[in-house]
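Asks: Spelled out from the first residue to the last, the chains are:
Protein chains: 2
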Amino acid sequence: MAEGEEVENKQVILKHYVRGSPKESDMEIRTGKTKLKLPEGSSGAIVVKNLYLSCDPYMRNRMSKVEGSYVESFTPGSPIVGYGVAEVLDSSHQNYKKGDLVWGMTTWEEYSVITSTEGLFKIQHTDVPLSYYTGILGMPGMTAYVGFFEVCSPKKGERVFISAASGAVGQLVGQIAKLFGCYVVGSAGSKEKVSTLRSSLHQFLLIPGGVDLLKNKFGFDEAFNYKEEADLNVALKRYFPDGIDIYFENVGGKMLDAVLLNMTPYGRIAACGMISQYNLEQPEGVQNLFCLVTKQIRMEGFLVFDYYHLYPKFLEMILPQIKEGKITYVEDIAEGLENAPSALIGLFSGRNIGKQLVAVTRG
Amino acid sequence: MAEGEEVENKQVILKHYVRGSPKESDMEIRTGKTKLKLPEGSSGAIVVKNLYLSCDPYMRNRMSKVEGSYVESFTPGSPIVGYGVAEVLDSSHQNYKKGDLVWGMTTWEEYSVITSTEGLFKIQHTDVPLSYYTGILGMPGMTAYVGFFEVCSPKKGERVFISAASGAVGQLVGQIAKLFGCYVVGSAGSKEKVSTLRSSLHQFLLIPGGVDLLKNKFGFDEAFNYKEEADLNVALKRYFPDGIDIYFENVGGKMLDAVLLNMTPYGRIAACGMISQYNLEQPEGVQNLFCLVTKQIRMEGFLVFDYYHLYPKFLEMILPQIKEGKITYVEDIAEGLENAPSALIGLFSGRNIGKQLVAVTRG
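If you read the sequences in order, they're chains A and B. Reading the first sequence from the start, the letters are residues 1 to 363 in the UniProt record's numbering. Reading the second sequence from the start, the letters are residues 1 to 363 in the UniProt record's numbering.
Bound-form chain A, shown alone (with noise of 0.2 Å):
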């Protein structure tokens, strides 16, 4: 390709501010130019190839009008921003060089122009599908690693539980809970569904989804269904007798005013996210928070953009784990920036089983 020519980039563009449920139609695809090399003189940008896309619901949020946030809105009319694993194709940055692979804040196109690449790290182990930088070895799995070790200060023999398990952090979080030595339940919204998925290392698995993903796929003690439930408070009663000790919280709403009624004294709750509420005018109410007082509980937030000078640490833990075949990590790959928007959305909605991303092209 001669430098400075034009190419097509196709683009996931916002149309609009949401409000309530996104919808496909909130996005559309729009096919721009773009030119592969960075301009002579230029100085700290890179000129990416987009390889995976990542939906992840805080972006969400970023769909919407927001002001004082932790995050930024999104720009209407203008590409969708967040995490991606990609390939540098020009530099004019003295830590990148063509051939690079890095994972980080990108855009929703084939083609970027990175200025600031702060948010970016560049990918050293390439032994391990390079998808899993938008999961397992990204930021939700380093959600996963500081939320459950940093902010739940787990002991062996802790009751966990883990509420949208199946999703891309929760199931990761079971996993080193069940190595660290915890009892370890998890809740997820589909049982029946029977999805083709990616699996570890490239394979493909005809893999049955939600429930039955986490007791016969990542080793959860037990189970549920939350959707099956008639009443929450008596299921999470059911797989914990004696009480949760720690609740990785995933969901907000009335889950977590059944788990608030079912937590131990002294029992810890990491609040991550809470996706229930995401697509709602006014959020659910919470009416059991006097247990916080009378159990002694901690109840912390936490954002992973604190915790990114632990990533080292981390890889150096998972790494061996996953090429040992002890955790394993289920993908839900859209294929096509075509198929972003409904990939997108469809999280808000429990369609994925597994981490949701986007493979904008293959090979």
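Check before you lean on any hint, since a few could be wrong.
[Stated by the list, open to error] Within a straight-line C-alpha distance of at most 27 Å, the following computed DSS-like cross-link-like pairs (lysine-lysine) qualify:
| hint | chain 1 | residue 1 | chain 2 | residue 2 |
| --- | --- | --- | --- | --- |
| 1 | B | Lys65 | A | Lys295 |
| 2 | B | Lys254 | A | Lys254 |
| 3 | B | Lys215 | B | Lys227 |
[As the list claims (entries may be wrong)] Label pairs and their in silico Cβ distance ranges:
| hint | chain 1 | residue 1 | chain 2 | residue 2 | range |
| --- | --- | --- | --- | --- | --- |
| 4 | A | Glu118 | B | Gly325 | 50 to 56 Å |
| 5 | A | Lys313 | B | Thr75 | 52 to 58 Å |
| 6 | A | Val66 | B | Ser25 | 47 to 53 Å |
The hints are simulated quantities; they were obtained by calculation from the structure and are not laboratory data. Note that beta-carbon positions come from the ideal geometry of N, C-alpha and C, so glycine has one too.
Add chain B to chain A, keeping to what the hints say.
Replies: Only chain B this time, still in chain A's reference frame:
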């Protein structure tokens, strides 16, 4: 009084379990008989004359039929149990002798036989009002101290908000936070009311109630009457334009919801009580818990019982402050056991200004 002679013993009886708001008629005064000498051969018990009885919010829970709570229900038909200050009249316990003063768990009656002395503290310092051992020098004082220093992890200059700030715990939290170097704002239920209250060192003073008390007597930087605010969020923004770093939570419900919107990143909430919720059949729902995640807030419930080993350290800190007039303490004293039921239920409508207690007998 001859050994073995019986005397009249007035008692405050809980007539039945309470649902909703407690009423005076849920209790009754009954006069029984008791002996002021222990039987020969007694071991480990003491007989006390009760001097002051403490009205505390947690007692509301004990008036209901509760199961699996951190407190036990009172027994309908029997006298109420609670913190108090008492004088030892007879002792078969090696650690106590006639004339000793104690504070701790006793019964709402003139004279009590205490067979389990584990919950008692011997009073060593009598150059402060004895009634203080139901408040600033007793359980509420320790609650304020450990809640602020052990749970809130305060730093000088931080912005502290306290609800129910003229109550037994709140007034002390505010004063120790001020002495520690924080900006302190409190909310209370009453601005106009003027009460005759006994202040420190047995002076009787005419003190303006509620909000004025917080600013003028306790030295809070600001104070407001939550009943006069149409929008608590707006009120908090007025006093905390840069947000709240520490919230000492005594009330729950709508106030907690408004506080969550105004917390700063890495804020801490010490959940001490939620008095606004105790009489509700169905607690109010708290909707803004997602703020815990986005602002990385730690919300932690605590009970003072875990921290009594710090009591000597607390006394060492607080006694000089009281004697030097750097910390003051306002009490709302009901005279005589006959007035104990109305004093107790007044807590839940916010009728008291300062620590509510009952003087069983004078002199």
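Asks: Look at each hint and say if it fits the structure.
Replies: Hint check:
1. B:Lys65 with A:Lys295: holds, 18 Å
2. B:Lys254 with A:Lys254: Satisfied, since the Cα-Cα distance of roughly 18 Å is no more than 27 Å.
3. B:Lys215 with B:Lys227: holds, 17 Å
4. A:Glu118 with B:Gly325: 50 to 56 Å: holds, 54 Å
5. A:Lys313 with B:Thr75: 52 to 58 Å: holds, 55 Å
6. A:Val66 with B:Ser25: 47 to 53 Å: holds, 52 Å
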